[in-house]
Amino acid sequence: MGNIESINAPNGILVIGGGMSGMTAAIEAAEVGYEVFLIEESPYLGGRVAKVNKYFPKLCAPYCGLEINFRRIKTNPRIKVFTLAQVENISGKEGDYDVTVKLTPRLVNDNCTACNKCAEVCPVERPNDFNFGLDKTKAAYLNSPMAFPLKYVIDTKVCLGAECAKCVAACQYQAIDLGMTAQSLHMKVGSIVLATGWKPYDATKLDNLGYGKYPNVITNVIMERLAAVDGPTQGKILRPSDGKEVKSIAFVQCAGSRDQNHLPYCSGVCCMGSLKQSTYVKDQSPETKVSIFYIDIRALGILEDFFQRVQKIEGVTLVRGKVAKIEEDPATKNLTIHAEDTAAGEKIKESFEMVVLATGIVPMTAEVKIPGNLVYDNYGFVAADAPGVYAAGCIRRPADVSTSVQDGTRAALKAIQSIVRRGTNG
Amino acid sequence: MAKKLGVYICGGCGIADALDMDKLCGVAAKEFKVENCKTHPFLCGAEGAKLIAQDIKDGTNTVVIAACSPRAKMDVFSYDAPVYMERVNLREHVIWVHPPKDEDTQMLAEDYLRMGLAKAQKAEAPEPFSETIDKTILVVGGGIAGMTSALEAAEAGYNVCLVEKELALGGWMAKLHKQYPKHPPYRELEDTGVDAKIKQVEGNPKIKVLTGAEIEKIEGAPGMYNVSVKQKGASTSLKVGSIVQATGFKPYDPGKLEYLGYGKYKDVITNVQMEEMAQKGKITRPSDGKEVTSVAFIQCAGQRDPAHLPYCSAFCCMASLKQALYVTGQNPDAQVYIFYKDMRTPGQYEDFYKRVQEEPGVFLAKSDVKNISEEGGKVTVEVYDVLLGEDIAVSVDLLVLAAGIVSNSMPEATPTVEMVTAEGEKRVTEIAPDSGRYATSALHLQYRQGPELPTLKYGFPDSHFICFPYETRRTGIYAAGCVRQPEDIAASMDDAAGAALKAIQCVEQTARGQAVHPRTWDRSYPSLFMQRCTQCKRCTEECPFGMYNEDDKFNPLPNPTRCRRCAICMGSCPERIISFKDYSVDIISSMLKAIEVPEPDEEKPRVVAFLCENDAYPALDMAGINRISYNPWIRVIPVRCLGSVNIVWIADSLSKGIDGILMIGCKRGDDYTCHFVKGSELANTRMGKVQETLQRLVLESERIRVEELSISEFRKLPQIFDEFMETIKRIGPNPYKEM
Chain S
0 MGNIESINAP
10 NGILVIGGGM
20 SGMTAAIEAA
30 EVGYEVFLIE
40 ESPYLGGRVA
50 KVNKYFPKLC
60 APYCGLEINF
70 RRIKTNPRIK
80 VFTLAQVENI
90 SGKEGDYDVT
100 VKLTPRLVND
110 NCTACNKCAE
120 VCPVERPNDF
130 NFGLDKTKAA
140 YLNSPMAFPL
150 KYVIDTKVCL
160 GAECAKCVAA
170 CQYQAIDLGM
180 TAQSLHMKVG
190 SIVLATGWKP
200 YDATKLDNLG
210 YGKYPNVITN
220 VIMERLAAVD
230 GPTQGKILRP
240 SDGKEVKSIA
250 FVQCAGSRDQ
260 NHLPYCSGVC
270 CMGSLKQSTY
280 VKDQSPETKV
290 SIFYIDIRAL
300 GILEDFFQRV
310 QKIEGVTLVR
320 GKVAKIEEDP
330 ATKNLTIHAE
340 DTAAGEKIKE
350 SFEMVVLATG
360 IVPMTAEVKI
370 PGNLVYDNYG
380 FVAADAPGVY
390 AAGCIRRPAD
400 VSTSVQDGTR
410 AALKAIQSIV
420 RRGTNG
Chain Z
0 MAKKLGVYIC
10 GGCGIADALD
20 MDKLCGVAAK
30 EFKVENCKTH
40 PFLCGAEGAK
50 LIAQDIKDGT
60 NTVVIAACSP
70 RAKMDVFSYD
80 APVYMERVNL
90 REHVIWVHPP
100 KDEDTQMLAE
110 DYLRMGLAKA
120 QKAEAPEPFS
130 ETIDKTILVV
140 GGGIAGMTSA
150 LEAAEAGYNV
160 CLVEKELALG
170 GWMAKLHKQY
180 PKHPPYRELE
190 DTGVDAKIKQ
200 VEGNPKIKVL
210 TGAEIEKIEG
220 APGMYNVSVK
230 QKGASTSLKV
240 GSIVQATGFK
250 PYDPGKLEYL
260 GYGKYKDVIT
270 NVQMEEMAQK
280 GKITRPSDGK
290 EVTSVAFIQC
300 AGQRDPAHLP
310 YCSAFCCMAS
320 LKQALYVTGQ
330 NPDAQVYIFY
340 KDMRTPGQYE
350 DFYKRVQEEP
360 GVFLAKSDVK
370 NISEEGGKVT
380 VEVYDVLLGE
390 DIAVSVDLLV
400 LAAGIVSNSM
410 PEATPTVEMV
420 TAEGEKRVTE
430 IAPDSGRYAT
440 SALHLQYRQG
450 PELPTLKYGF
460 PDSHFICFPY
470 ETRRTGIYAA
480 GCVRQPEDIA
490 ASMDDAAGAA
500 LKAIQCVEQT
510 ARGQAVHPRT
520 WDRSYPSLFM
530 QRCTQCKRCT
540 EECPFGMYNE
550 DDKFNPLPNP
560 TRCRRCAICM
570 GSCPERIISF
580 KDYSVDIISS
590 MLKAIEVPEP
600 DEEKPRVVAF
610 LCENDAYPAL
620 DMAGINRISY
630 NPWIRVIPVR
640 CLGSVNIVWI
650 ADSLSKGIDG
660 ILMIGCKRGD
670 DYTCHFVKGS
680 ELANTRMGKV
690 QETLQRLVLE
700 SERIRVEELS
710 ISEFRKLPQI
720 FDEFMETIKR
730 IGPNPYKEM
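Top to bottom, those sequences are chains S and Z.
Using numbering that gives the first Met the number 0, the first residue of the first sequence is number 0, and each one after it goes up by one.
Using numbering that gives the first Met the number 0, the first residue of the second sequence is number 0, and each one after it goes up by one.
It should be emphasised that the hints constitute simulated quantities derived from the structure, not laboratory data.
Treat each hint with caution, since some may be false.
[Unchecked claim] Derived BS3-like pairs (lysine-lysine); straight-line CA-CA distance at most 30 Å:
1) S:Lys-311 with Z:Lys-715
2) Z:Lys-265 with S:Lys-73
3) Z:Lys-340 with S:Lys-321
4) Z:Lys-715 with S:Lys-243
5) Z:Lys-177 with Z:Lys-353
6) Z:Lys-37 with S:Lys-92
7) Z:Lys-263 with S:Lys-311
8) S:Lys-150 with Z:Lys-37
9) S:Lys-150 with Z:Lys-205
10) Z:Lys-340 with S:Lys-288
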C-alpha cells in the first residue's frame with residue numbers, strides 16, 4: 000500500500016461519512032471558516048438520501064437540496080472530499096488526532112470528464128448496488144446522472160484488469176489507471192465528526208414475511224429506487240416478478256421494528272415513509288388499492304398534516320394490526336397477508352400483488368465502532384459524545400432528513416468548540 | 000478596469016468532432032473582436048489549465064470557457080477576483096443532445112458562445128461588501144433552547160447576550176418535576192438539571208444575561224444590528240451580529256377543552272398542572288386535596304383535531320408515560336389509565352414505553368373518547384377501546400388532559416390591516432402567516448416588511464425546507480426550540496446548538512462579504528441607480544427576505560448583509576435600476592441581443608428558455624448526461640431564480656424576433672420548492688400580466704409559458720421543450736421579426 004502526502008491540520012475537522020449528516024457537518028463548519036476533511040466510504044457523496052425519490056412531507060426531490068450542497072462544497076476551498084475512503088485507525092486525543100485513512104483505488108483519476116466512453120466499451124456487467132441489484136451497470140460506471148463527484152469509478156471486484164483494458168484505450172484523457180493501488184492517507188486533525196449513518200435492517204431475517212423468498216415482497220428502500228426517475232425502472236413502480244404495474248399493494252409497518260426478536264426500538268421514519276410511498280403508488284395509478292398495516296402511526300409534530308392528507312386519498316386504507324405472516328401464491332406470485340385487524344377485532348387474510356416491508360434503521364455503529372470514548376447504548380446508537388468526537392445523524396437515534404441536517408449542524412458546532420477550547424487553553 | 004478577454008474552446012468529449020471549431024473561433028474573433036481565442040483538445044487537463052493560467056498571468060482578466068457545463072470541473076476552472084469567468088456549455092447542452100456536424104447544432108453552439116461573450120464583456124467579478132461587523136450573538140428567550148444556544152455560542156468563542164422576559168432563566172423546563180429518560184437504558188426518570196444549566200449560563204463570562212427584559216426594537220442588518228432592550232424601565236442598547244429566537248411555547252388554552260370536562264369538573268387538569276403538583280411534592284385532587292389512587296390520562300386532548308390543534312405536539316405521549324410513573328411512584332397501588340390514539344414514542348423512547356407498560360397498575364388503551372362525566376366525587380371516562388372492540392368506562396380520582404403546545408409566535412387572533420380600496424372604501428383584511436406582521440411581538444424588527452419572523456402553518460416560524468431546517472426568511476435570524484416546531488427537551492437542545500452554529504456562521508460569512516445560505520459562495524450584492532427610482536415599492540415589497548427598508552419618501556434603502564442574492568428585486572424593478580456586478584438586466588439583455596435570429600423564411604424559429612440555475616438547469620445537464628435529444632432551436636439562459644427575470648427581457652426577446660419564451664422554475668404554492676420562497680410564484684404572476692399585454696397587442700399569449708420542474712424531472716424537460724416548439728410552429732413566427 001502506498002502513502003500519499005499526509006495532512007497536518009491541527010485546527011482542522013475530520014468528518015467521517017458523506018451522507019446528509021456528514022455532508023452538512025462538513026459544509027456548515029467550513030462556512031464558519033474551518034478547514035474540513037470529508038471522507039466517504041462509497042464512490043459518491045449523498046449517502047442514503049441520494050437513493051430517495053422524494054422527501055416527506057413536501058414530496059420534493061432530494062437532489063434539489065443536494066445540488067445546493069454540492070455547489071457549496073465545490074465553491075468552498077476549505078472542504079476537501081475523499082471518496083472511497085475508510086478510517087483505518089484513529090489515535091491521539093482531542094486537539095491532536097492521528098488518523099489513518101485507507102483510500103480504495105477508484106481506477107479513475109481526476110482527469111475523468113464523465114464522457115462515458117469507458118462504460119461504452121467495458122465488456123463486464125455488475126449488479127447495481129445503488130439500485131439494490133435491480134439492474135446492472137458496467138464495471139466502469141457513474142451511479143446516477145446527479146452523482147457527485149461527477150467522475151466514473153471502476154468496480155475492482157469485476158474489472159478484468161490489464162488483460163482487457165478496453166477502457167484504457169477508449170479514454171482519451173488518460174483518466175484510467177488500472178494499476179492504481181490502495182493508499183494510506185495520514186492526517187492530523189483537531190476534532191472529529193462521526194456520521195456513518197445507517198443501514199436497513201436485514202429483511203431476510205423476518206422469516207414470516209417472505210423477503211428474499213418471494214420476489215414481490217420488497218423493502219421500503221427498494222421502493223424508493225423503483226419510484227426514482229434515475230432508478231432501475233425510470234420511476235415506474237413495477238413488480239419484480241413480472242414487471243407489471245400493480246393493482247394492489249400492502250405496506251407492512253414495523254417490519255422488524257418494535258420487536259424484541261429484531262429491533263426493539265422504533266425506527267422513527269417508517270410510518271411517514273410508507274405514507275409517502277403510498278402517494279407514489281397513487282400518483283402513478285390512482286385505482287391501485289393501498290393498505291397500510293400498522294401498530295401506531297407516528298407522525299409527530301406538524302407531520303400529522305401529511306398523515307391526515309394521505310388518509311383522505313381514496314383507496315388508501317389504514318389497518319391497525321400487526322402482520323403475522325405473508326404467503327405467496329406460486330401461480331400468480333401474489334401475496335396473502337395474515338394479520339389481525341384490531342380495530343375491527345377480526346383476523347384478516349388478504350391478497351396483494353406486491354408487499355412493501357417498512358424495515359427499520361440499524362446504526363452503522365452497531366457493527367463498526369471507532370476508537371475513543373464514545374458511549375453506545377444497547378442497540379449501538381451513540382448515547383454520548385466524547386471530547387473531540389461528535390456523533391451526528393442516525394448513529395445517535397433514528398432520524399429523518401431534517402433532524403439529520405440539524406444534527407450535522409450541531410456536530411459542526413461541537414467540533415468547532417473543541418478546537419476553540421484547545422486554542423484558548425493553549 | 001479594461002476588459003482583456005481570453006476565449007478557450009475545448010474540443011474534448013466529442014466537441015471537436017461535432018462542431019466546426021474554426022467557425023466557433025471566428026465568432027469570437029470576427030463578431031466580438033477577441034484577439035485571444037484558443038482551442039484545446041482537453042482544456043480541463045493540466046496543460047489546458049496551465050494555458051489559461053499563463054494568459055491570466057499575462058494580463059487576461061476575463062475568461063470565457065466554452066466546454067462542459069459550468070457545474071462540471073469547477074475545481075479546475077476557478078479564478079479569483081478580479082478575473083471574471085464565464086462558462087459556455089457546449090457539451091451537456093449542445094453536442095451530447097444534438098446531432099454532430101449539423102447546421103442547427105453549430106448554430107446553437109455559436110449562439111451560446113455569443114451569449115457567453117456578450118455576458119463576459121459586461122460582467123465583472125464582484126467585490127465583496129465590506130463593513131465593520133459585530134460578531135456578538137443575541138439570544139431571545141431563556142428557556143432550555145435559548146440557554147443552550149447561548150452556551151453553545153459562547154463555548155465556540157463568541158460573546159452572547161441572552162434576553163429573557165421572565166425574572167429567572169429556565170422557562171418551562173424549570174417547571175418540570177422530572178424529565179423522561181434521555182440516557183440508556185431509557186427506563187428511569189431523570190432530573191432536569193435545569194439549575195445547573197442556569198448556573199452555567201450565568202457563570203459564563205462570555206454571556207451577558209438580561210432577565211426581566213424585553214426587546215424594544217432591533218434595527219439594522221446581520222453583522223450590524225442595534226438592539227434596544229428594556230429592563231426595569233430602562234433601555235440598554237447593544238450591538239449584535241445575528242440572532243437566535245427561542246421564545247418558546249404556551250400550552251394550548253385549556254378553557255377550550257370543556258368538552259373533556261376541563262373547567263366543568265375540578266378534578267380534570269392539564270399535563271402542565273400535573274407537573275406543578277408533582278414538583279410541589281404531592282399529586283392530589285383539586286376538589287378535596289386528597290391523594291390520588293386512580294388517574295386517567297387522555298392523550299391528544301385538543302390535538303390532532305381540526306377544531307383545536309390540527310397537529311401533534313410531539314412529546315405528550317412521553318410526558319404522560321412519565322407522569323404515570325409519578326402516580327405509581329407516589330402510590331404503588333394506584334391505578335393509571337392512559338387513553339391514546341397512537342402511542343408516539345419514536346426511536347429509543349420505545350424502551351420507556353415498554354418500561355411503563357410493565358409498571359403494575361398502568362393500563363394503556365388505544366381508544367376513542369366518548370364521554371367525560373362526574374359522579375360520586377369521581378371523574379368517569381367512557382371510551383371505545385379499539386383493541387378490545389368494546390366500550391369501557393373508568394371512574395378515577397383525577398383526569399389529566401395531555402394538552403398540546405402553541406408557538407409563542409402564534410397570535411391570539413389573526414391580525415388584520417385596514418386598507419382603503421381604489422374606490423375609497425375601507426376594507427379590513429387578515430394578515431397572512433407568511434408576513435412579517437403576523438407573529439406575536441418578540442423581536443420588534445425595524446423592517447419594512449414587518450417586525451417579526453414570517454411563520455408557516457400554525458404560527459411556527461419554521462423553515463419550509465426539509466433539507467435546510469435553518470432556512471430563514473430574515474437573514475441572520477434563526478428560530479430554535481418550540482417556537483419553531485413542537486419538540487422535546489433533547490430535540491430542543493440539538494436544535495438550539497444548530498441554530499447557534501448558523502448564527503455564528505452568519506456573522507463569519509457576512510464578515511467575509513459572502514451571502515448566507517443558499518448562495519454561500521456569492522460575494523455580489525445589489526447596487527441601485529437611485530436617480531431613476533420611481534419609488535414604486537416593488538423591490539421593497541417583493542424581496543422574500545425583507546432586505547430593503549424605505550425612507551419616508553418610499554425610496555428603497557438596501558441592507559446588503561440581509562441580501563441573499565436571489566435578485567428577485569432585480570426582476571421586480573420596472574426601471575431596471577437594480578444590478579449585481581455579474582448579473583444585471585443589461586447583462587442578460589445583451590445575451591438576448593447576441594442571439595442570431597434567422598429570417599422567417601428559413602423556418603428556424605427561436606425560443607429563449609430562462610432556467611432556474613439550481614433545478615431546471617442541472618436537470619437539462621442530466622438530460623445531456625443521458626443523451627436525451629430535444630429541439631435545437633431553444634437558447635437557454637440560466638437565472639439565479641425565476642423571480643429575477645425582469646419583464647424587459649421578454650420585451651427585448653420579442654422585439655428581437657424571438658418566437659417564444661419559456662420560463663422553467665421550481666414548484667410554487669403551498670409545497671413550494673423555490674429556494675428563494677417567492678421567486679417562482681412572482682415570476683408566474685408577472686408573466687400572467689405579460690400574457691395579458693400580449694393579447695392586447697394581438698400577440699398570442701402562448702408565446703410565453705411558465706413551467707414548474709423538479710431537478711429530478713430530467714426526462715420531462717426535453718418533452719417540455721419539444722411540446723413548446725410544436726406550439727410555436729403552430730402559431731407561426733413572431734410578427735415583429737419582419738419589422
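Next on the checklist: I'd like to know which numbered hints this structure contradicts. Please list them from smallest to largest.
Outcome noted: 2, 6, 7, 9
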